[in-house]
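Participant: My request is simple: use the sequences and hints to build the entire structure.
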Amino acid sequence: MTLERAPIIEVRDVGFSYPEAGVPALRGVNLTIREGEVVALVGQNGAGKTTLAKLFNGLLAPTQGEVVIRGQSTRKAGIDILSRIVGYCYQNPDHQIFSNTVRQEVAFGLKNHGVPKAEIEAKVHAALEMVGMEGEGDRYPFLLGRGERQKLAVASILALGPPVLVVDEPTTGLDLRGTRNIMELLSRLSEAGRTIVIITHDMNVVAEYAPRTVVMMNGAVILDGPTRAVLTDERALRSAFLKPPQITRVALRLHERAEGFAREILTVPEFIAEFRRLAGSGDANTASAARDGGS
Amino acid sequence: MPVGYSIYQERPSTLHQRIDPRTKLALLVTTFVLALAYNHPAVLGVLTAAIIAAAWWAQLDFRRFLPILLAAGWFLVLGIIIWPFYIQVGPPLFFVLGAAITLTGLLFGVAMGLRVALMVAAAGVWMMSTSPQKMTLGLVKIGLPSKAGVAMSTAIRLVPLINAKRATIAEAQRARGLRLDTGNPVSRARKSVSILGPLLLSSIDLAQALAIAMDARGFGARRDRTSLVEIRMTTLDWAIITGCVVAAVGSVILRLLGVGVIVQGYL
Numbered sequence: 043m044t045l046e047r048a049p050i051i052e053v054r055d056v057g058f059s060y061p062e063a064g065v066p067a068l069r070g071v072n073l074t075i076r077e078g079e080v081v082a083l084v085g086q087n088g089a090g091k092t093t094l095a096k097l098f099n100g101l102l103a104p105t106q107g108e109v110v111i112r113g114q115s116t117r118k119a120g121i122d123i124l125s126r127i128v129g130y131c132y133q134n135p136d137h138q139i140f141s142n143t144v145r146q147e148v149a150f151g152l153k154n155h156g157v158p159k160a161e162i163e164a165k166v167h168a169a170l171e172m173v174g175m176e177g178e179g180d181r182y183p184f185l186l187g188r189g190e191r192q193k194l195a196v197a198s199i200l201a202l203g204p205p206v207l208v209v210d211e212p213t214t215g216l217d218l219r220g221t222r223n224i225m226e227l228l229s230r231l232s233e234a235g236r237t238i239v240i241i242t243h244d245m246n247v248v249a250e251y252a253p254r255t256v257v258m259m260n261g262a263v264i265l266d267g268p269t270r271a272v273l274t275d276e277r278a279l280r281s282a283f284l285k286p287p288q289i290t291r292v293a294l295r296l297h298e299r300a301e302g303f304a305r306e307i308l309t310v311p312e313f314i315a316e317f318r319r320l321a322g323s324g325d326a327n328t329a330s331a332a333r334d335g336g337s
Numbered sequence: 098m099p100v101g102y103s104i105y106q107e108r109p110s111t112l113h114q115r116i117d118p119r120t121k122l123a124l125l126v127t128t129f130v131l132a133l134a135y136n137h138p139a140v141l142g143v144l145t146a147a148i149i150a151a152a153w154w155a156q157l158d159f160r161r162f163l164p165i166l167l168a169a170g171w172f173l174v175l176g177i178i179i180w181p182f183y184i185q186v187g188p189p190l191f192f193v194l195g196a197a198i199t200l201t202g203l204l205f206g207v208a209m210g211l212r213v214a215l216m217v218a219a220a221g222v223w224m225m226s227t228s229p230q231k232m233t234l235g236l237v238k239i240g241l242p243s244k245a246g247v248a249m250s251t252a253i254r255l256v257p258l259i260n261a262k263r264a265t266i267a268e269a270q271r272a273r274g275l276r277l278d279t280g281n282p283v284s285r286a287r288k289s290v291s292i293l294g295p296l297l298l299s300s301i302d303l304a305q306a307l308a309i310a311m312d313a314r315g316f317g318a319r320r321d322r323t324s325l326v327e328i329r330m331t332t333l334d335w336a337i338i339t340g341c342v343v344a345a346v347g348s349v350i351l352r353l354l355g356v357g358v359i360v361q362g363y364l
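So the protein sequences, as listed, match chains V and A.
Each residue of the first sequence is one higher than the one before, starting from 43 at the first, in this note's numbering.
Each residue of the second sequence is one higher than the one before, starting from 98 at the first, in this note's numbering.
Do not take every clue at face value.
[Stated by the list, open to error] Cross-link-like lysine-lysine pairs, in silico, BS3-like; alpha carbons within 30 Å at most:
1) A:288 with V:118
2) V:165 with V:96
3) A:288 with V:159
4) V:285 with V:96
5) V:96 with A:288
6) A:238 with V:165
Just so you know, the hints here were simulated from the structure itself, not pulled from any lab data.
Being a predicted model, the structure only gives us computed values, none of them experimental.
Facilitator: Encoded structure:
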């Protein structure tokens, strides 16, 4: 089904070097992201994830190759155009929040784009509703909790209506509840048709929420495919200094030792279903359904 | 050495390795005294050339030194533009907006520009050839409280970090369609609030976290702190300091005698 969707981000043989840096940040990257996909970008620090994502909305221009967003080369389309197609949400919400009220903060991007005043109010309301902050419009943003500020940052990007949302480490510094809130928000946005690119180090988040995973190392893409296949390729992940989620590793060890135990387990519910199936208290359909419900 | 934290460049030159930071501070202060003692462009031009020669002698990377020279060059331009309107000594060369522009006025403008350029360039060479650690240690040795010394070196260390934060914040706002390069100066100033606001809060946050981390490691528990880096005055240092004192006193005497002055009555 994924292959039938139109490409929205195309990265063609892209290289990028920061001025005065000895080593290129990106080398020969090829990547196509299609409309409606949820893609996780993973890799150790300095692998090139954020640099690659900054090429999507023209914050950086490739030093080699081409990045095409909805048919437009990022070299030709300015950030004013690209920022309405690719919304980029920074890791630290405090790097963008400055207004006196939540509502003003969300309206900032709309004003920059010259949206008429009459439309701004409706768009701000819709964006706050999407993130579940519709009653918080008059609050002072700096008094919100970290998770709420993260949602506000997402809302301020969503207000621009970009079909693609890039979120850089959205769960950093959040507790389990905050992580669930933000990831469920991204899931809802995906269900509404948005393309989501998540940059993260949290492999549990990847396992649970991203159907496709791209692994980067030293500025190159070394693995790209369905999350279930990528996260169970321990050898490749190890070469990128990554580990599958703990439950996946347990399942892989059980698969080696226990005959019939499924190999590609990503979440705890999947593991329990598979365990029950083997123990005879469940059936094959339950386990299979659990896996289909995941990535 | 925290080379990456400041504009300091590690080099094997005599200025870097053999001259004590206190001596370098004396050289800087003497340069300032000389810059203020004379207002003749020829004298100030020679002194500026001497500073550039010192940068070359210290093996400084000229690509890094060039921005400092360019900033200094701006003061020269400003001096030439502004001062001739105030110094109207001698016959007029031409008129601008009804004001007579004289040769002496133009030369005085060059001198004033060179004076600031000289100070900026000298401060640049001083900072590029003195590591923040040694600079702080030097100041502490001449009586600066150690807490103030740490505050100074911390401030220097935070500059590039805050600059990196500014770049990130600017990127985040550009991603929301902010165009800082368009509009009139007033609208640009208003737009910059979206960068300065988060930058101020992030900087306070950074400073607070640093203060807590230092407190947690016992900073301030004792009046004096030991240092990993030791500095020692040598014969060469004393010779240079003697030269500095002679040059500074001599320049004041020459100034009183009217030597190296193009316009009397102006500093």
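Participant: For a C-alpha distance cap of 30 Å, please report whether residue 165 (chain V) and residue 96 (chain V) respect it.
Facilitator: Given pair residue 165 (chain V), residue 96 (chain V) holds - Cα atoms ~25 Å apart, limit 30 Å.
Participant: Would you check the hint for residue 285 (chain V) and residue 96 (chain V), treating anything up to 30 Å between C-alpha atoms as holding?
Facilitator: Between residue 285 (chain V) and residue 96 (chain V) the Cα gap is close to 26 Å, so the pair holds against 30 Å.
Participant: Keeping to a limit of 30 Å between CA atoms, is the pair of residue 96 (chain V) and residue 288 (chain A) held or broken?
Facilitator: holds (22 Å)
Participant: Below or equal to 30 Å on CA atoms is what counts here, so check residue 238 (chain A) against residue 165 (chain V).
Facilitator: violated (62 Å)
Participant: Can the restraint linking residue 288 (chain A) and residue 159 (chain V) be considered satisfied, given a maximum Cα separation of 30 Å?
Facilitator: Between residue 288 (chain A) and residue 159 (chain V) the Cα gap is close to 18 Å, so the pair holds against 30 Å.
Participant: Between residue 288 (chain A) and residue 118 (chain V), does the CA-CA distance stay at or below 30 Å?
Facilitator: holds (25 Å)
Hint violations for this structure: number 6 only, all remaining hints satisfied.
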